[in-house]
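There are 2 protein chains.
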Amino acid sequence: MSKKEKLSTEAYKGVRDFYPEDQAFFNYLVATCRDAVQRFGYVEYHASVLEPAELYKAKGAENEEMVNEQTYTFIDRGGREVTLRPEMTPTVARMVSGRRRELGFPLRLFSIPNVFRYERPQRGRLREHWQLNVDLFGSKSLASDAELMMVAHDLMFAFGAKSSDFVIKIGSRAFLDELALRHGLSPESSRALVALLDRRGKMPAEEFEVKLEVLGVPLSSISGNEEPEEVTQVLQLLEDVGVGNAHFDPSIVRGFNYYTGLVFEVYDTHPENNRALFGGGRYDNLTALFDDESISGVGFGMGDVTIRDFLAVRDLLPPYIPPTKVYLVVTDAELVPFALGIAHELRTGRVNTAVDFADRKLGDQIKAATKHKIPFVIVVGEDEQRSGEFKVRSLDTGKEVSLRRDELVGYFTTR
Amino acid sequence: MSKKEKLSTEAYKGVRDFYPEDQAFFNYLVATCRDAVQRFGYVEYHASVLEPAELYKAKGAENEEMVNEQTYTFIDRGGREVTLRPEMTPTVARMVSGRRRELGFPLRLFSIPNVFRYERPQRGRLREHWQLNVDLFGSKSLASDAELMMVAHDLMFAFGAKSSDFVIKIGSRAFLDELALRHGLSPESSRALVALLDRRGKMPAEEFEVKLEVLGVPLSSISGNEEPEEVTQVLQLLEDVGVGNAHFDPSIVRGFNYYTGLVFEVYDTHPENNRALFGGGRYDNLTALFDDESISGVGFGMGDVTIRDFLAVRDLLPPYIPPTKVYLVVTDAELVPFALGIAHELRTGRVNTAVDFADRKLGDQIKAATKHKIPFVIVVGEDEQRSGEFKVRSLDTGKEVSLRRDELVGYFTTR
Numbered sequence: 000m001s002k003k004e005k006l007s008t009e010a011y012k013g014v015r016d017f018y019p020e021d022q023a024f025f026n027y028l029v030a031t032c033r034d035a036v037q038r039f040g041y042v043e044y045h046a047s048v049l050e051p052a053e054l055y056k057a058k059g060a061e062n063e064e065m066v067n068e069q070t071y072t073f074i075d076r077g078g079r080e081v082t083l084r085p086e087m088t089p090t091v092a093r094m095v096s097g098r099r100r101e102l103g104f105p106l107r108l109f110s111i112p113n114v115f116r117y118e119r120p121q122r123g124r125l126r127e128h129w130q131l132n133v134d135l136f137g138s139k140s141l142a143s144d145a146e147l148m149m150v151a152h153d154l155m156f157a158f159g160a161k162s163s164d165f166v167i168k169i170g171s172r173a174f175l176d177e178l179a180l181r182h183g184l185s186p187e188s189s190r191a192l193v194a195l196l197d198r199r200g201k202m203p204a205e206e207f208e209v210k211l212e213v214l215g216v217p218l219s220s221i222s223g224n225e226e227p228e229e230v231t232q233v234l235q236l237l238e239d240v241g242v243g244n245a246h247f248d249p250s251i252v253r254g255f256n257y258y259t260g261l262v263f264e265v266y267d268t269h270p271e272n273n274r275a276l277f278g279g280g281r282y283d284n285l286t287a288l289f290d291d292e293s294i295s296g297v298g299f300g301m302g303d304v305t306i307r308d309f310l311a312v313r314d315l316l317p318p319y320i321p322p323t324k325v326y327l328v329v330t331d332a333e334l335v336p337f338a339l340g341i342a343h344e345l346r347t348g349r350v351n352t353a354v355d356f357a358d359r360k361l362g363d364q365i366k367a368a369t370k371h372k373i374p375f376v377i378v379v380g381e382d383e384q385r386s387g388e389f390k391v392r393s394l395d396t397g398k399e400v401s402l403r404r405d406e407l408v409g410y411f412t413t414r
Numbered sequence: 000m001s002k003k004e005k006l007s008t009e010a011y012k013g014v015r016d017f018y019p020e021d022q023a024f025f026n027y028l029v030a031t032c033r034d035a036v037q038r039f040g041y042v043e044y045h046a047s048v049l050e051p052a053e054l055y056k057a058k059g060a061e062n063e064e065m066v067n068e069q070t071y072t073f074i075d076r077g078g079r080e081v082t083l084r085p086e087m088t089p090t091v092a093r094m095v096s097g098r099r100r101e102l103g104f105p106l107r108l109f110s111i112p113n114v115f116r117y118e119r120p121q122r123g124r125l126r127e128h129w130q131l132n133v134d135l136f137g138s139k140s141l142a143s144d145a146e147l148m149m150v151a152h153d154l155m156f157a158f159g160a161k162s163s164d165f166v167i168k169i170g171s172r173a174f175l176d177e178l179a180l181r182h183g184l185s186p187e188s189s190r191a192l193v194a195l196l197d198r199r200g201k202m203p204a205e206e207f208e209v210k211l212e213v214l215g216v217p218l219s220s221i222s223g224n225e226e227p228e229e230v231t232q233v234l235q236l237l238e239d240v241g242v243g244n245a246h247f248d249p250s251i252v253r254g255f256n257y258y259t260g261l262v263f264e265v266y267d268t269h270p271e272n273n274r275a276l277f278g279g280g281r282y283d284n285l286t287a288l289f290d291d292e293s294i295s296g297v298g299f300g301m302g303d304v305t306i307r308d309f310l311a312v313r314d315l316l317p318p319y320i321p322p323t324k325v326y327l328v329v330t331d332a333e334l335v336p337f338a339l340g341i342a343h344e345l346r347t348g349r350v351n352t353a354v355d356f357a358d359r360k361l362g363d364q365i366k367a368a369t370k371h372k373i374p375f376v377i378v379v380g381e382d383e384q385r386s387g388e389f390k391v392r393s394l395d396t397g398k399e400v401s402l403r404r405d406e407l408v409g410y411f412t413t414r
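Just so you know, the sequences run in chain order A and B. Position 268 of the first sequence, counting from 1, maps to 267 under numbering that gives the first Met the number 0, and the rest follow consecutively. Position 298 of the second sequence, counting from 1, maps to 297 under numbering that gives the first Met the number 0, and the rest follow consecutively.
Possibly wrong hints are sitting among the right ones.
The list makes no distinction among identical chains, and a pair is therefore deemed to hold if it is satisfied within one copy or across any two copies.
[Unchecked claim] Here are the simulated DSSO-like cross-link-like pairs (lysine-lysine), alpha carbons at most 30 Å apart as the crow flies:
id, residue 1, residue 2
1, LYS12, LYS56
2, LYS139, LYS360
3, LYS324, LYS161
4, LYS390, LYS201
5, LYS139, LYS372
6, LYS139, LYS366
7, LYS324, LYS372
8, LYS360, LYS398
To be clear, the hints were calculated from the coordinates, so they are not data collected in a lab. Since the model is a prediction, treat every value here as computed from it, not as a measurement.
Could you build all of it, start to finish, from the sequences and the hints given here?
This is the structure we're talking about:
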């Protein structure tokens with residue numbers, strides 16, 4: 000085959016390959032999220048990336064653009080229309096409705112699924128990312144809204160963030176509805192108001208004011224001075240458990256049109272990265288798609304790329320810890336069976352051990368260990384076989400210690 | 000909306016929803032696989048389910064049927080042909096080729112991806128399953144073939160299987176090539192021989208013998224008496240580390256046509272379930288799709304459904320352990336802020352705690368805890384608030400203990 004006929008080693012456009020160090024970070028992300036949300040009693044679920052397309056079409060006219068232009072939707076060989084899920088909330092609503100009799104309420108669920116969006120490649124946006132989803136079903140208590148914010152807060156702390164690194168901004172869809180009613184806004188103007196608030200940060204203050212005036216809403220009414228009673232209550236609950244970095248911000252509305260109550264966003268306070276990291280809110284009508292009896296829900300979603308960027312800027316990314324502790328380099332292929340015996344003893348002692356098969360020179364074998372960032376190397380040669388003494392070299396410090404075969408497991412289990 | 004207009008809560012045909020107990024088993028599976036393979040120095044990677052369709056088309060004529068009829072392949076909005084990966088090996092070959100300069104060899108990799116096959120629904124087969132993939136790149140040593148079998152063996156033990164529960168059958172593609180050459184088989188007859196051996200267990204012994212004779216191969220030549228030298232060597236290496244349940248079986252050929260050397264299958268020895276659980280082998284030419292310099296590989300894949308069935312039959316499925324330790328039931332909504340304070344203390348002490356928001360009666364709150372299989376319940380009422388004494392009830396035994404607020408964390412951390 001000529002070079003020209005060779006396949007590309009690139010991943011499909013807009014998706015990522017996770018090489019070992021990327022995957023190690025991903026596993027850290029999953030473990031940290033799990034630990035933080037399970038502390039509040041959330042339980043993990045999962046589902047396939049494939050969903051019937053109708054699940055996203057049903058949500059109403061405003062979502063049609065999303066379904067038609069931003070999802071991966073195709074017809075399967077049986078004529079069914081299938082979508083690669085663009086978000087997890089409709090899936091969890093479907094699952095909860097499906098077993099509403101068996102599941103106990105309030106029901107706390109979380110998942111860390113991959114979700115897909117068809118983004119134009121030139122924008123450099125990803126088409127697939129992973130997203131922690133945390134949802135609480137079956138309670139209309141404001142305490143459940145507050146709980147989700149507590150979870151978000153503790154999650155940030157679990158990643159090593161401090162109170163001053165972020166702020167929780169709370170908005171209210173109910174407050175906006177009331178505002179619209181008070182100013183006599185049509186449903187259309189009301190939606191325009193939500194859209195305008197959603198884009199507030201993306202335009203000059205003057206432009207925002209002018210557009211607000213056109214809608215017939217005075218700036219003062221969304222200044223934040225008029226804090227709704229439910230926000231005050233939530234802020235009190237948060238303060239009681241030491242969450243002090245939250246406040247009311249009427250311009251927080253969130254993009255999805257299924258939110259019906261309080262909404263919130265966790266904002267990065269970094270001067271160069273002053274943006275929403277993630278957020279969520281209350282949705283009351285999603286399970287009504289499946290059943291006449293609706294279940295109230297409150298939840299949030301946090302993307303893996305956004306949080307990774309945050310951690311990178313704050314120097315909070317964890318160091319890579321290789322899973323392998325020891326590498327056996329072998330001076331001669333004939334000694335491989337002997338080396339496998341040593342490796343077997345180490346593994347039986349729960350020491351993660353890789354063996355080189357002496358396909359190449361000793362120096363190249365050590366280079367391989369270095370590339371894999373394995374911390375310790377043991378040379379296995381004829382001398383070692385004869386004497387039963389092994390030199391253990393730390394690749395970090397270059398230091399060597401000499402140990403008897405029966406001392407090896409003990410040495411590594413304390414390191 | 001009338002009942003008729005409601006959406007179905009069913010998952011897409013042929014895929015599974017993972018409710019909490021299913022997900023708990025899945026997490027056990029992942030943790031067990033990780034631990035077992037990392038012991039041998041394997042490192043985790045991952046990739047998107049989306050791959051360019053050409054990755055599967057390139058493998059040659061025999062795969063065309065698979066690509067055309069058994070994969071999910073569609074055209075994206077940019078006109079690219081995309082496939083939901085039907086297996087992981089082409090992906091890992093792509094990734095290894097893409098960074099061959101940076102990665103050190105021998106390179107040990109594993110992943111637990113979901114893979115998709117378009118199966119006709121009436122057969123009741125799944126269209127998506129998860130599959131542990133373990134691969135070693137860059138060594139032609141027979142010790143690397145042996146290592147993969149050791150990993151498979153230890154993996155079975157990690158799940159609680161005994162030596163007598165399974166057997167490792169080793170076949171050899173090289174042996175078959177030699178056999179074909181010796182009997183003067185055409186390339187076509189040679190492929191027919193592999194296909195026949197692959198289906199040996201699915202036909203009566205007489206039919207198999209007749210078909211073998213038609214190909215011009217005497218039964219005696221595949222009886223297993225003629226053990227190839229390389230199999231003998233591998234069996235010796237296995238025995239050295241205590242793996243005694245392996246043997247040569249010339250009828251083991253594996254379905255995929257990319258295998259070039261030894262192949263193996265882990266067989267269930269259960270009389271009612273005497274079938275292959277999983278397997279793998281050596282492939283020498285896969286990375287040649289991407290690069291002139293080919294890298295030898297050896298690996299295996301194990302599916303989540305097959306192993307689950309095995310564990311169920313052997314009564315080896317782990318019990319469900321709920322992540323939540325304590326449920327606070329609250330007698331009155333006004334006491335919720337007080338309950339949140341107790342919960343906060345427990346959580347700070349690393350005790351996973353869920354709170355009921357007193358939306359329903361006490362009995363219903365306890366029922367919810369029972370449905371979630373949460374082991375302990377604490378009643379939070381006015382008496383408790385006044386006295387600072389709390390009754391902790393075990394839902395397993397029904398026993399109650401009375402504890403002061405400052406004793407709670409200590410009580411649960413030892414349980």
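Results of checking the hints against the structure:
1. Taking the closest pair of Cα atoms, LYS12 and LYS56 come within 30 Å of each other both inside a single copy (26 Å) and across two copies (18 Å).
2. Taking identical chains as interchangeable, the C-alpha atoms of LYS139 and LYS360 lie at most 30 Å apart only when they sit on different chains, with a minimum of 15 Å there against 68 Å within one chain.
3. For a Cα distance limit of 30 Å, the shortest separation of LYS324 from LYS161 across copies, 28 Å, qualifies, whereas the shortest one inside one copy, 33 Å, does not.
4. Taking the shortest Cα distances, LYS390 and LYS201 never come within 30 Å of each other, neither inside one copy (62 Å) nor across copies (54 Å).
5. Taking CA atoms no more than 30 Å apart as the test, LYS139 paired with LYS372 passes between copies only; the shortest distance there is 23 Å, against 51 Å inside one copy.
6. Proximity of LYS139 to LYS366 under the C-alpha cut-off of 30 Å is restricted to the inter-copy arrangement: shortest distance 19 Å between copies versus 60 Å within a copy.
7. Taking the closest pair of Cα atoms, LYS324 and LYS372 come within 30 Å of each other only inside a single copy of the chain (9 Å); across copies the shortest separation is 38 Å, beyond that limit.
8. With identical chains, the CA atoms of LYS360 and LYS398 are at most 30 Å apart within one copy only, with a shortest distance of 21 Å there and 66 Å across copies.
The structure is inconsistent with hint 4 alone, although it conforms to all the rest.
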